[in-house]
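Undergrad: For reference, the chains in residue letters:
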Amino acid sequence: MKIDIELTQARISSKFGASTEWRGKAGALVEFSGLVRDEENDRVIASLDYEAYSTMALKSMRGILESLALPYPCLEVRVMHRVGTVPASEAAIKVAIWARHRTEAFGLLATFMDRLKKEVPIWKRDPTAPHPQLRDAESRKKFSLVQCPEEPA
Amino acid sequence: MKILVFAHLKDVLGCSQIECPIRGPVTLDAFWNRLLEDYPVLSEHRQTLRVSRNLEFVTADALLSENDEIALIPPVSGG
Chain U
69 MKIDIELTQA RISSKFGAST EWRGKAGALV EFSGLVRDEE NDRVIASLDY
119 EAYSTMALKS MRGILESLAL PYPCLEVRVM HRVGTVPASE AAIKVAIWAR
169 HRTEAFGLLA TFMDRLKKEV PIWKRDPTAP HPQLRDAESR KKFSLVQCPE
219 EPA
Chain Y
1099 MKILVFAHLK DVLGCSQIEC PIRGPVTLDA FWNRLLEDYP VLSEHRQTLR
1149 VSRNLEFVTA DALLSENDEI ALIPPVSGG
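Sequence lines, in order, name chains U and Y.
Using my numbering, read the first sequence as starting at 69 and increasing by one per residue.
Using my numbering, read the second sequence as starting at 1099 and increasing by one per residue.
It should be emphasised that the hints constitute simulated quantities derived from the structure, not laboratory data.
All values reported here derive from a predicted model rather than from experimental measurement.
Ideal placement from N, C-alpha and C gives every residue a C-beta, glycine not left out.
Hints are supplied without guarantee of correctness; some may be wrong.
Restraint ranges, calculated between C-beta atoms of paired labels, are given here [said to hold, decoys possible]:
no., chain 1, residue 1, chain 2, residue 2, range
1, Y, Thr-1125, U, Glu-134, 25 to 35 Å
2, U, Lys-185, Y, Ala-1158, 18 to 28 Å
3, Y, Gln-1145, U, Ser-135, 25 to 35 Å
4, U, Lys-185, Y, Leu-1153, 12 to 22 Å
5, Y, Gly-1122, U, Ala-114, 39 to 49 Å
6, U, Thr-171, Y, Asp-1109, 15 to 25 Å
7, U, Glu-134, Y, Ala-1158, 22 to 32 Å
8, U, Gln-77, Y, Glu-1154, 17 to 27 Å
9, U, Thr-196, Y, Asn-1165, 49 to 59 Å
10, U, Ser-87, Y, Glu-1164, 40 to 50 Å
11, U, Ser-82, Y, Pro-1119, 44 to 54 Å
12, U, Arg-91, Y, Gln-1115, 17 to 27 Å
Please model the complete structure; the sequences and the hints are all you need to start from.
TA: Given below as structure tokens:
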């Protein structure tokens, strides 16, 4: 199964799922877009910020997909996940799966997304939400006591 | 040992990488005990944090060394 995974700060192109490689071989092309809603925790929001532990996230996604190749033998899976600021209504993730039959494509998509949301080190945050760690005086006190080394270059 | 931190932990600690005088190899329990001595603010987060070593989550019997790439992984929320 061909696997292509990317993290990107750019808006995901509408041509993301375009391919002629599997013409005549694929009986199914399943495309999924995970969109940013305009509300989060009952707050109206304009965007979400996504952060990734990039090297581990890429390795983790690939590992998940490789483990799913046997139970869901598809032809190709393409995954693109945004990092940085993603405006509401835009896609934070897109997945495109080419398969001989729809059953394995749907199965792979559902299982991959379930596992991604539990295992892949990517985090989203409402940039306008007050941070819970800084709400009270005790937390601010703890925050001020932490000594950090120099940031890596 | 350098330890990468992410998401809200960066706010808690004020940086994206912390250091702890661990050379190892040490068990996961010993790692946490030493880390919490230097960073007691992490104690309230420990139950929700997973540890990764060289880009993979560790199991309870893992041994960690200073040459490993260690990270504290808060609950994830991608997708």
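Undergrad: What are the numbers of the hints that this structure violates, sorted from low to high?
TA: 6, 9 and 12
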